[in-house]
Amino acid sequence: METVTDDDHREFLQRDRGVHPPAFTPDYKTSVLRSPRRALLSLQNSLSEVTGPTFGHSEIGELDNDLIRNYAHDGQPIGERCIVHGRVRDENGRGIPQTLVEFWQANAGGRYRHRNDHYLAPIDPNFGGCGRTLTDAQGNYVFRTIKPGPYPWRNFLNSWRPAHIHFSVFGSGFAQRLITQMYFEGDPLIWRDPMVLGIPDRAAAERLIAPLDMNAAIPLDMLAYRFDITLRGRQSTVFENKLQGN
Amino acid sequence: MVQPLPETFRETPSQTAGPYVHIGLIPQQAGFDIFETNFSNVVAGPDATGEPIRVEGRVFDGAGEPVRDVLIEVWQANAAGRYAHPADRQPGKEADPHFRGWGRTGSDFETGLWFFDTVKPGIVSGRHGRPMAPHLNLWIVARGINTGLQTRLYFSDEEAANAADPVLNLIEQKSRRQTLIARRETRDGRGVYVLDIHLQGEAETVFFDV
Ligand SMILES: [Fe+3]
Numbered sequence: 001m002e003t004v005t006d007d008d009h010r011e012f013l014q015r016d017r018g019v020h021p022p023a024f025t026p027d028y029k030t031s032v033l034r035s036p037r038r039a040l041l042s043l044q045n046s047l048s049e050v051t052g053p054t055f056g057h058s059e060i061g062e063l064d065n066d067l068i069r070n071y072a073h074d075g076q077p078i079g080e081r082c083i084v085h086g087r088v089r090d091e092n093g094r095g096i097p098q099t100l101v102e103f104w105q106a107n108a109g110g111r112y113r114h115r116n117d118h119y120l121a122p123i124d125p126n127f128g129g130c131g132r133t134l135t136d137a138q139g140n141y142v143f144r145t146i147k148p149g150p151y152p153w154r155n156f157l158n159s160w161r162p163a164h165i166h167f168s169v170f171g172s173g174f175a176q177r178l179i180t181q182m183y184f185e186g187d188p189l190i191w192r193d194p195m196v197l198g199i200p201d202r203a204a205a206e207r208l209i210a211p212l213d214m215n216a217a218i219p220l221d222m223l224a225y226r227f228d229i230t231l232r233g234r235q236s237t238v239f240e241n242k243l244q245g246n
Numbered sequence: 001m002v003q004p005l006p007e008t009f010r011e012t013p014s015q016t017a018g019p020y021v022h023i024g025l026i027p028q029q030a031g032f033d034i035f036e037t038n039f040s041n042v043v044a045g046p047d048a049t050g051e052p053i054r055v056e057g058r059v060f061d062g063a064g065e066p067v068r069d070v071l072i073e074v075w076q077a078n079a080a081g082r083y084a085h086p087a088d089r090q091p092g093k094e095a096d097p098h099f100r101g102w103g104r105t106g107s108d109f110e111t112g113l114w115f116f117d118t119v120k121p122g123i124v125s126g127r128h129g130r131p132m133a134p135h136l137n138l139w140i141v142a143r144g145i146n147t148g149l150q151t152r153l154y155f156s157d158e159e160a161a162n163a164a165d166p167v168l169n170l171i172e173q174k175s176r177r178q179t180l181i182a183r184r185e186t187r188d189g190r191g192v193y194v195l196d197i198h199l200q201g202e203a204e205t206v207f208f209d210v
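So the sequence lines, in the order shown, correspond to chains G and L. Under full-length UniProt numbering, the residue at position 10 of the first sequence is numbered 10, and the numbers go up by one with no gaps. Under full-length UniProt numbering, the residue at position 120 of the second sequence is numbered 120, and the numbers go up by one with no gaps.
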């Protein structure tokens with residue numbers, strides 16, 4: 001059975017740029033030289049935009065969504081155990097099934113297992129800091145991890161990132177491709193962060209903050225946070241077959 | 001009063017991929033091995049139909065420096081011009097079981113060079129049946145890029161198809177069309193297409209709001 005429905009050849013709704021940080025956000029200094037300055041060219045969708053890669057269960061390992069175990073060599077990683085879960089849906093509220101969700105993060109001390117990260121905090125020998133999963137038939141995903149720590153970064157002298165998990169999501173068409181970051185409810189660093197503050201719409205930025213979800217916590221084991229992700233929706237009118245011209 | 005429209009949601013805001021994007025998407029480049037299956041820059045394996053090619057280039061910032069921590073994904077049609085996706089119902093174009101059409105790569109931390117090994121795509125039928133010249137769809141993320149950039153790569157030896165391409169023709173300033181056209185070279189008998197992408201400046205690449 002195909003996991004892509006008849007709706008999946010419809011065009012995407014125009015992207016609402018008001019929910020995204022503009023390319024040029026000078027308080028996030030790296031954006032200054034890396035931001036295009038010319039207007040983006042608006043493009044009506046063709047097959048090139050409404051299609052996109054598909055992924056199968058054979059590509060995902062059994063422990064890929066368990067960051068507590070997927071790099072554990074001679075013990076468990078240090079830090080607060082937690083569950084992160086949510087639903088990937090589109091702007092129309094439809095769950096997006098069997099789409100690839102990838103996530104990566106620093107360890108409990110705020111250090112990444114990356115050859116370019118030289119922060120003082122130690123590498124955790126039992127923590128890799130990355131994972132991935134496919135959403136289920138309703139668009140739900142879940143993974144276990146260690147709550148990441150905040151870390152300093154070279155922007156202003158005293159810049160600290162709030163604790164966060166990076167997310168990469170596909171959707172069913174390449175125009176839905178999205179990378180974002182999830183923050184944790186109650187973190188005082190969130191509203192000091194130039195990446196969060198780069199989002200022009202406060203309500204949109206708040207949607208990056210995952211609430212504590214006690215109903216999904218496992219008593220005596222771990223807390224849970226819920227993070228729903230919304231990708232672009234498709235037009236609701238019946239498609240008139242202009243896309244492929246036949 | 002009127003009937004309410006069905007409830008809608010707003011898209012989740014984009015955030016930069018940051019300097020450590022490799023951990024999540026290509027962990028081997030971050031310096032460790034964790035997954036059994038790794039995604040790579042091989043878009044088409046040796047059994048795929050079509051002309052094997054390499055596509056390579058660098059991404060430059062506004063100061064003319066190569067961006068050494070960029071991650072690029074490619075999405076393309078097969079040699080017959082068909083996407084490996086069920087919504088592609090173009091008549092008369094076969095799917096290729098050896099061809100996925102998607103890959104990802106990180107630029108080299110020293111040189112900023114990135115490349116994909118693939119086959120040259122065919123012509124895809126565009127809107128209203130207007131043929132689109134062979135092209136790759138590219139998506140670019142990095143530290144300092146707040147929302148992934150969408151662009152296309154066309155081929156220098158497809159002059160006639162490029163001249164008729166409905167997307168290239170949308171670009172008003174003809175000189176800017178060149179920012180999307182990769183230059184063909186031949187190395188060891190294989191076609192290599194080179195495209196440098198400029199995030200900013202005189203030669204700024206055309207990026208799309210798709
Ligand atoms: Fe980070």
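A hint or two may mislead.
[Stated by the list, open to error] SDA-like cross-link-like pairs, simulated, lysine to any residue; straight-line CA separation at most 20 angstroms: (1) L:LYS174 x G:ASP228; (2) L:LYS174 x G:LYS147; (3) L:LYS174 x G:LEU43; (4) L:LYS174 x G:PRO36; (5) G:LYS147 x L:HIS198; (6) G:LYS29 x L:GLY92; (7) G:LYS29 x L:HIS128; (8) L:LYS174 x G:ARG38; (9) G:LYS147 x G:ALA39; (10) G:LYS29 x L:LYS174.
FYI, nobody ran anything at the bench for these hints, they're computed from the structure.
Hints, one by one, checked against the model:
Among the hinted pairs, LYS174 of chain L with ASP228 of chain G is inconsistent with the structure: their alpha-carbon atoms are about 43 angstroms apart, more than 20 angstroms. A threshold of 20 angstroms between alpha carbons decides the hint, and for LYS174 of chain L with LYS147 of chain G the separation of about 51 angstroms lies outside it, so the pair is violated. Using a Cα cut-off of 20 angstroms, the hinted pair LYS174 of chain L and LEU43 of chain G holds, with the two alpha carbons roughly 17 angstroms apart. Only pairs whose Cα atoms come within 20 angstroms are accepted, and LYS174 of chain L paired with PRO36 of chain G is accepted, the gap being roughly 19 angstroms.
In summary, the hint linking LYS147 of chain G to HIS198 of chain L is not supported, as the alpha carbons are separated by about 37 angstroms, beyond the 20 angstroms threshold. As the CA atoms of LYS29 of chain G and GLY92 of chain L are separated by approximately 50 angstroms, the hinted pair breaks the 20 angstroms bound. Under the criterion of a C-alpha separation no larger than 20 angstroms, the hint pairing LYS29 of chain G with HIS128 of chain L is inconsistent with the structure, at around 43 angstroms. With a CA separation close to 15 angstroms, the supplied pair LYS174 of chain L and ARG38 of chain G stays within the 20 angstroms bound.
Between LYS147 of chain G and ALA39 of chain G the CA atoms are separated by roughly 39 angstroms; this puts the pair beyond 20 angstroms, and the hint is violated. Taking the CA atoms of LYS29 of chain G and LYS174 of chain L, the gap is about 32 angstroms. The hint is violated against a cut of 20 angstroms.
Checked against the numbered hints given earlier, this structure breaks hints 1, 2, 5, 6, 7, 9 and 10; the rest are met.
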